[in-house]
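Participant: Below, each chain spelled out in residue letters.
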Amino acid sequence: MSPRILPARRCGHKFTFCPTHSWVMMGRMNKTDLSLIRNFSIVAHIDHGKSTISDRILELTHTVDERDLSSQMLDSMDIEQERGITIKSNAVRVMYAADDGNTYQFNLIDTPGHVDFTYEVSRSLAACEGAVLVVDATQGVEAQTVSNANLAMNANLDIVPCINKIDLPSAHPDEVKEEIEEDLAIPADDAVCVSGKTGEGIHDLLEAIVYLVSPPKGDANAPLKALILDSYFDEYRGVVATVRVFDGVMRKGDRLKMMALGDTFLCDGVGCKRPLETSLDELGVGEVGYVVTGLKDPALVKTGDTITYEDRPCAEPCPGYHEAKPMVFTGLFPIDNKQYENLRDALEKLKVNDPSLTWTPETSVALGFGFRVGFLGLLHMEVVKERLEREFGLDLIATSPSVNYHVYKTDGSMIEITSPQDLPDVTRIERIEEPYLKAKVIVPPDFMGAVMQLVIDHRGETRDMVYLSEKSVEMHFDIPLAELILDFFDQLKSRTKGYASLDYEMGEYRASDLVKLDILLAGEVVDALSFIVHRDKAYDMARALCDKLKEIIPRQQFEVPIQGAIGNKIISRSTVKAHRKDVLAKCYGGDISRKRKLLEKQKEGKKRMKSIGSVEVPQEAFLAVLKVDDE
Amino acid sequence: MGVGALYVHVPFCRSKCAYCDFSSWATRAGDPLMGAYAASAARMVSQAGSMGLLRGCRTGYLGGGTPTYLGADVLGGLVAAMAPHCPSELTVEANPDSLTDDVLDALLGAGATRVSVGVQSTNAAELAALGRVHGPAQALDALSRGVAAGLDVSCDLMCATPLQTDESWERSLADVLSCGIGHVSVYPLQIEDDTALGRRYADGDPAFNAEDVQAARMEAAERALGAAGLARYEVASYARPGKACAHNRAYWTGVPYLGIGTGASGMLCAGDYAILRTAAPRLPKAPDGTWRVRLTVTSGRRAFAEAAGMGDLSYDLEFLTEQQAAAEDLMLGMRLAKGVGEGLLAHARRALGAQAVDAAVAEARREGLAQERPDGGLAPTRRGWLLGNELYGIMWDLAPGTVLEASA
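From first to last, the protein sequence lines are chains A and B. When we follow the working numbering, the leftmost residue of the first sequence carries the number 1, and every step to the right adds one. When we follow the working numbering, the leftmost residue of the second sequence carries the number 1, and every step to the right adds one.
Chain B with its partners taken away, still in its complex shape (with noise of 0.2 Å):
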């Protein structure tokens, strides 16, 4: 019983950047909003401790928006509230302009063990035509101080982008991995609706987005990552030995987690859902024959700093059939570089029957998306990384019916 993983969701930023449609809103620095916020966060926390659901948690991860735009006191504050329940791994996201010398020392004080770098890229112009905020030698200092201070450093990346040339890609990669990180993150940049970037090219995809330009570099980051020896565990992430985030890692493997703040996410048990009702008896009961729940906050910030509890909070919420959890299992399995294993094939073959199961992995690997693993799983090879919906739609097809949603 209990969940894996805790994440909290910090909605918090200095500005907006120009192609985020995350859950986060540039905010005067100072704002007692962001103080007010935090400690209804880490009072969350301790009631989800105190009714028994962080029991079994190993891993948490302090995500946003800019966590450490909340400041030295207030984020030592609550990354204080989360450290108890996650003693394997707690990761802290940050900003180079706001990952200060104080700030880094309140993380280490509190208890995070690892940061997370919004980096994105070390050339000035890609970063100021994506309305970053901070430069690139500020950028390369914060994962330096990172690393000096003892923490696992990560840094994310962003390939796709505005401005961005093959040479200058491999100067970021190599730019980051100079500083003696040991885990980097590299996404294409996605162009979404209702963002800047979405409005400057609502009429068509921009060459230097383009399908064939992501998959290159996509591809010249897993080289020079590879090179460097970080090996990609999974689609979007590349560790050094025994560097992989656990906690990102829970997402993928069917670990519970709970979500706490603006848009966070979290998947329970039915269990768990059960217990989780006690606190908010707003929650429908989940359906008969409900195996897992997926749960999403809808309470705003303000909402959810004036909040007494989780069972002030409203949400989105999923109610997914063992067969269809079990069809889900396997969709996110194929993200990792290990894939799915033995064990949970074998789970899938009883939930959803040996026949369909064995014919969609069939059709995996005739597709050339996936391959077996000597161990008997299956794992993704280089085509299943790039066309990776194809491979993980081709799981989520085995789910009988349509998930059933509710709002409250």
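Here chain A stands alone, though its shape is the one from the complex (with noise of 0.2 Å):
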């Protein structure tokens, strides 16, 4: 027999969990039966809906006002919102009090929606039991919608199928619901139909996650065992995780340690985001919430880790932990030299709440003092270049990215290098290994051959492909990372339709006859704008590369011939032509403030280019590599 809790409509207070009857909510929330705990995602084609209702759940939960409900609560990072994107995982609690006259406890957890963050989607997953698919009712299954049903099959997780805006009159609920079951193979007689405007529906589907979403799993009396989704860090607190437990209870006090970098802590609280933190008693079997951990250093604490107790650790750690390891590497370089020790006090500051990042200091010849900094993916790389822009005021410049190289060298030895400029001379170099990815892809058939076409025109290998179901097939492959990083994803969306959705995980590393391409500005090698690529490759990557700078570099004094080189093998050429004309001719009946102005406005450009030698050449030129393919 399960307690009630008091939803706060009668109580006429904020949240749930109301500062007068609190003591009632707490000392019965711990003892939280399981069959009363969901954990669940939603998942959804991108403009189908997912934010608004996760925001009417908050609202008809009563977790959050309706006055207080800015709208896509579950995003909080500014440029998360801008871009759309999701980047930290983020879960929150809410209190359901259903029809059979029992109040569940919900853990909504949000997912990251970008390939650059897969290991991370993966976490959150991991910690939850069900998913809630939502599908327009007017577009229907739509690619995404394909893609994420497929991580979250993989994932074994519950479905839920719900059909949203169905308040529009273009609404066709009863054909996205043949759909659903012809396309993804999911059972959708019971679909929900909900209106995220309105409000309607949106009952049914707390009660529907109620019925089709298991409960989770765990024994409480055993020893501790939490999976980490995701951490921040916190001035006053230091590191705060946010975990599901999957057997036992986490109580303040609790000597705790983490399963896989072993360091050990005493727990400083736990809780619940409702949305605001909310601290608790514990933190019980099957169960999400925070920790506050106290350790001071965010690299101490990995997504992906299990905690447990310290004198009573479980046997076995959560599946699937490895450690987070930065992928992609570039330079990046403060175009003006002087701001290199606030850049690095920048990365500091940033690294405190996003543990991934990496860095070396690098030296360039043609950008001065920089760092040579490790990310996730690309993406990871434009955010955290962007935040460092905008939040700390810096002009930086980003290079070519390049992935960890293993060169063995013809004294036996072998190096790791990732920056091009650490290459060895050609002569001194045995052989060059590149990381491979194994890959995953789920698609339908249709697009199986515009796929293979792809992993092929990227050097990757096509392992096995399986029929899922006559709709879709998985496809297994090998790639080197150095393709993947660049624009497959991008091309994999598009050549796909966006129907692709894409896994993967680190593979061995082989050999490779990969070559170091030089960049020449007049006659100069830039050292900034080198990078390694396949030998095959190298003479259309010149080429294009040599006519993409031709466009980004503006006209100069003189002439710039513009070379790619391997070796002193000048195999590509182009040129920025002198300028010729650069003068206001006309006189506005003697308004020279005008004339001024302009040169002064000419000037401010120039500073926002980096001189290389006598050449001026703008930010975006260092990552032209990324650009080759926009044609």
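Misleading hints may appear alongside valid ones.
One-sided and incomplete, this derived list gives chain B residues near chain A with beta-carbon spacing under 8 Å [said to hold, decoys possible]:
{"no.": "1", "residue": "His9"}
{"no.": "2", "residue": "Leu108"}
{"no.": "3", "residue": "Asp212"}
{"no.": "4", "residue": "Ala231"}
{"no.": "5", "residue": "Val235"}
{"no.": "6", "residue": "Leu386"}
Restricting the straight-line Cα-Cα distance to at most 27 Å, the calculated cross-link-like pairs of lysine-lysine (DSSO-like) are [said to hold, decoys possible]:
{"no.": "7", "chain 1": "A", "residue 1": "Lys550", "chain 2": "A", "residue 2": "Lys627"}
{"no.": "8", "chain 1": "A", "residue 1": "Lys607", "chain 2": "A", "residue 2": "Lys385"}
{"no.": "9", "chain 1": "B", "residue 1": "Lys16", "chain 2": "A", "residue 2": "Lys586"}
{"no.": "10", "chain 1": "A", "residue 1": "Lys385", "chain 2": "A", "residue 2": "Lys351"}
{"no.": "11", "chain 1": "A", "residue 1": "Lys607", "chain 2": "A", "residue 2": "Lys550"}
{"no.": "12", "chain 1": "A", "residue 1": "Lys586", "chain 2": "B", "residue 2": "Lys243"}
{"no.": "13", "chain 1": "B", "residue 1": "Lys285", "chain 2": "A", "residue 2": "Lys597"}
{"no.": "14", "chain 1": "B", "residue 1": "Lys338", "chain 2": "A", "residue 2": "Lys597"}
{"no.": "15", "chain 1": "B", "residue 1": "Lys338", "chain 2": "A", "residue 2": "Lys603"}
{"no.": "16", "chain 1": "A", "residue 1": "Lys601", "chain 2": "A", "residue 2": "Lys385"}
{"no.": "17", "chain 1": "A", "residue 1": "Lys325", "chain 2": "A", "residue 2": "Lys349"}
{"no.": "18", "chain 1": "A", "residue 1": "Lys627", "chain 2": "A", "residue 2": "Lys497"}
{"no.": "19", "chain 1": "A", "residue 1": "Lys325", "chain 2": "A", "residue 2": "Lys409"}
{"no.": "20", "chain 1": "A", "residue 1": "Lys537", "chain 2": "A", "residue 2": "Lys550"}
{"no.": "21", "chain 1": "A", "residue 1": "Lys325", "chain 2": "A", "residue 2": "Lys385"}
{"no.": "22", "chain 1": "A", "residue 1": "Lys586", "chain 2": "A", "residue 2": "Lys569"}
{"no.": "23", "chain 1": "A", "residue 1": "Lys302", "chain 2": "A", "residue 2": "Lys438"}
{"no.": "24", "chain 1": "A", "residue 1": "Lys550", "chain 2": "A", "residue 2": "Lys497"}
{"no.": "25", "chain 1": "B", "residue 1": "Lys338", "chain 2": "A", "residue 2": "Lys586"}
{"no.": "26", "chain 1": "B", "residue 1": "Lys16", "chain 2": "A", "residue 2": "Lys597"}
{"no.": "27", "chain 1": "A", "residue 1": "Lys497", "chain 2": "A", "residue 2": "Lys438"}
These are computed hints drawn from the structure, not numbers from a lab. Only a predicted model underlies this, so the values are computations on that prediction, with no experimental measurement involved. Just so you know, even glycine gets a beta-carbon here, dropped at the ideal spot from N, CA and C.
Work from the hints to combine the two standalone chains into their complex.
Facilitator: Encoded structure:
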């Protein structure tokens, strides 16, 4: 017999956890029966209404008042809201008084939405038993509906189909149900029809979650076993980790241990987000919440690690942990070298909440002092660069991304390099090995050919493929990481009209015929423009890059030849023509101020460029390698 | 004391050209606003005269817009008000379609010495593409009649315009030269935002206006005009000996000038600005250390027409220090064929420091933008003509600090 928790609407307070009645609820919540817990995430194609439905759930369960509901409550970082992507995982607890008379604890887990964060996504899904699959009643099943449903089914989640926007005149829910059954092989007879806009059907959705999503399993008396989904740094409390408890109980004062990294700490408090942080006496089995570790070093708390008791550890950690290693390395240089120290400080500040960031100092002849920074992927790089520029007022140049290569030298030693500049002279290289990924793509059979071609174009090898149903094929292939980081994911999405889902894990290192492609401006090698490329692709790449740089670099006072070279051999060439005319001839009735302001504007423009020798090079030139496939 | 040049602006046109972002408005013929505006401008000229501001004035320029669109009577009145203050030269801008015989007579009668005719091209299709309201024959006729009337005649031509070819450009140059004029101004079309052309080509620079085309046409103009005896004396200006525009040269040689009219710009020394303030109390006191003041009238054409005097107008202001003014003088001087003389350089060295000025001169020479004159001054090279902004930028960079601005 489960205790009934008084919903907030009866006591009139803002939160279910009302200040007046909190003692009642806290006492009872600690004993929440596993059968009264539902852990789930919401997945959808873009714009099918994931955020509005999340908001409605918070509202209907009185987790937040209507007036406090800023839309998209779960995406908190500015850049996340601006770009409409989720970077950090987030878990919000809501209490739902169901029609069966019980009050259920729902943990709504928001997952990152980009391939750079594949690992984080997999950890977040591992914390769920179910997923609400939202489909737009006017659009039907679309590409990301398929790819997200595949991710959720791969994680063995119970799927709650939900058809949204039924208030629209063009809604055709019955056809959408058929599509869900046919395209996704998910029974949709009981799909819930809702309108995130009017709130209609949200109650039914909550009921469906109660009945369709399995309650968590676990042993309350076993040693603690809690999975870390995410973490952030709090200046006063140290690292705060979001966790899912699989076995046992976590209380303030417990001596705890990170199983993979081995560090121990005293639990400084537990709680959950509603969506504001609310402290609890304990986090019990099956629950999702946060734990205050008191650890001052964010690097000690890793997504995917397992927290257990120091003196009574669980037998096995949660499966699937691996350290989120940086995959992509780029040089970050301040345009103004005086900002070098500021850049270091800014990186240190960002790392506090983004422990996956790594860096080492790097020196470039062309760009001066900077850092070689490791990222999870290119989106991660863009987000970090944008935050450094926006939040810390830095003007930065990012150089071509690289992976971590293993260079075997003729003297028998091996060095790891992440920057083309560190590549030894070609006569001292025995072979170069590059990291490969084991990638998995799930895609409708119609797009199989397109994916295979894309894999071949990116030097990958298809290993095998399995029909999951008539509507979907799972393809496995090995592909060099260096190929995947550039534009593989974008091209995969565009060539499969968005239907493909991609998942990957690190594979082994393999020897490849790699060369360093140098770029010369006005006859001088610009080290910051060099990059490592497969010999078969070097010629095409060199030509494309010279052409792209010709577009990006503005005319100068003199002609600037741009050359691509391997060693001493020039393999491509283009020329930025000399400026021929740059003068404002017209005199506007003696308006000299106007002429002077034009000169000042031109000077400002030049400040944002980097002088390489006598050539003024704009920031974007250093990332030209990412743009050669734009056409 | 006193300004050396007087500029009056007439912001009215029959229609707005496709490239034009000057202070001008398409206005119905005979709109009484034009008469009221011209009368107000004439009153302000008299006001400036009675305040002593025009005591040293030598040249005048009535620009626009289209001054000849005012019609013979109104135009004649305004020119007559300016003429007493412009003993060496008084230019009136004209459009071919409104430079009628009675307008010409009025100009001569009122004391104008020079007309500058906006021809732009002698190709009918090119003129239409620019939104010009006149045809080639009308344009050439206007030039010839101006010459026949005994005025100094100048002609504006525009290059790198829609439909223009190398051949049609040569043709336009030859056509206007055949009229016997002594002065030609050549401008590459500048596509500005907020113009019809700017909107049409918002996505990017069209091929007809490409930098290489502009450069080639400017050089073709220099060759053709030079061969006809018109030497380049300023970036955009060519003249037979003795026919250079004295008023234009005042702008580039640091001669103070007074600007009257909507959008008109002026430049005053600190002393004259103080005199102007006695008539215009709303103008702020010049900050300490002000050497030179640049002002642009921001009152609209109706407000200008209704104003009792210069004190009723609003202005944008810039206050330059002696150092800034010295750098500006070098910047402006480099637009002229003769460049800057030894005296100006010596003054700049005193004001800005010999080392800084010498370094700038050395940079300009190293970049091939300027060369030493036989008499010790500095003059632009061929390269310095086409890459003028580089050269002027080097000089203006000498100016310390930022120019103080104000609106009143």
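Participant: Decide, hint by hint, whether the structure agrees.
Facilitator: Do the hints match the structure? See the list:
The closest approach between the C-beta of B/His9 and any C-beta of chain A is roughly 6 Å, which is under the 8 Å cut-off, so the hint is satisfied. Because the beta carbon of B/Leu108 sits about 23 Å from the nearest beta carbon in chain A, more than 8 Å, this interface hint is broken. A cut of 8 Å between beta carbons decides the hint on B/Asp212: the least distance to chain A is about 5 Å, and the hint holds. Annotation: B/Ala231 was flagged as interfacial toward chain A, and the flag is violated, the nearest CB pair being 16 Å apart, outside 8 Å.
Taking 8 Å as the C-beta cut-off, the interface hint given for B/Val235 holds, the closest approach to chain A being about 5 Å. This hint holds: B/Leu386 has a C-beta 5 Å from the nearest C-beta of chain A, less than the 8 Å allowed. Simply put, A/Lys550 and A/Lys627 have alpha-carbon atoms about 13 Å apart, close enough for the 27 Å limit, and the pair holds. Of the pairs offered as hints, the one joining A/Lys607 and A/Lys385 holds, with about 19 Å between alpha carbons and a cut-off of 27 Å not exceeded.
A threshold of 27 Å between alpha carbons decides the hint, and for B/Lys16 with A/Lys586 the separation of about 18 Å falls inside it, so the pair holds. For the given pair, A/Lys385 sits about 13 Å from A/Lys351 by alpha-carbon distance, which is consistent with the 27 Å threshold. Straight-line distance between C-alpha atoms of A/Lys607 and A/Lys550 comes to about 20 Å, which keeps the hinted pair within the 27 Å bound. Distance restraint check for A/Lys586 and B/Lys243: the Cα-Cα separation of roughly 19 Å lies within the 27 Å cut-off, and the hinted pair is therefore satisfied.
With a C-alpha separation of about 23 Å, the suggested pairing of B/Lys285 with A/Lys597 holds against the 27 Å cut-off. Annotation: proposed proximity of B/Lys338 to A/Lys597 holds, straight-line Cα distance about 24 Å (limit 27 Å). Between B/Lys338 and A/Lys603 the CA atoms are separated by roughly 26 Å; this keeps the pair inside 27 Å, and the hint holds. Proximity of A/Lys601 to A/Lys385 is assessed by CA-CA distance (about 25 Å); at most 27 Å being required, the pair is judged to hold.
A distance of roughly 19 Å separates the Cα atoms of A/Lys325 and A/Lys349; the hinted pair therefore holds under the 27 Å criterion. Of the supplied pair hints, the one linking A/Lys627 and A/Lys497 holds, its CA atoms being roughly 21 Å apart against a limit of 27 Å. Pair hint A/Lys325 plus A/Lys409 holds up; C-alpha atoms about 25 Å apart against a cutoff of 27 Å. About 20 Å separates the Cα atoms of A/Lys537 and A/Lys550, which keeps this hinted pair within 27 Å; it holds.
Distance restraint check for A/Lys325 and A/Lys385: the Cα-Cα separation of roughly 18 Å lies within the 27 Å cut-off, and the hinted pair is therefore satisfied. For the suggested pair A/Lys586 and A/Lys569, the alpha carbons sit about 48 Å apart, so the restraint of at most 27 Å is broken. Under the criterion of a C-alpha separation no larger than 27 Å, the hint pairing A/Lys302 with A/Lys438 is consistent with the structure, at around 23 Å. Of the supplied pair hints, the one linking A/Lys550 and A/Lys497 is violated, its CA atoms being roughly 32 Å apart against a limit of 27 Å.
Note on B/Lys338 and A/Lys586: the hinted pairing holds, with a Cα-Cα distance of about 19 Å set against a maximum of 27 Å. Proposed proximity of B/Lys16 and A/Lys597 is supported: the alpha carbons are some 25 Å apart, at most 27 Å. Among the hinted pairs, A/Lys497 with A/Lys438 is consistent with the structure: their alpha-carbon atoms are about 23 Å apart, no more than 27 Å.
The structure shown violates the earlier hints numbered 2, 4, 22 and 24.
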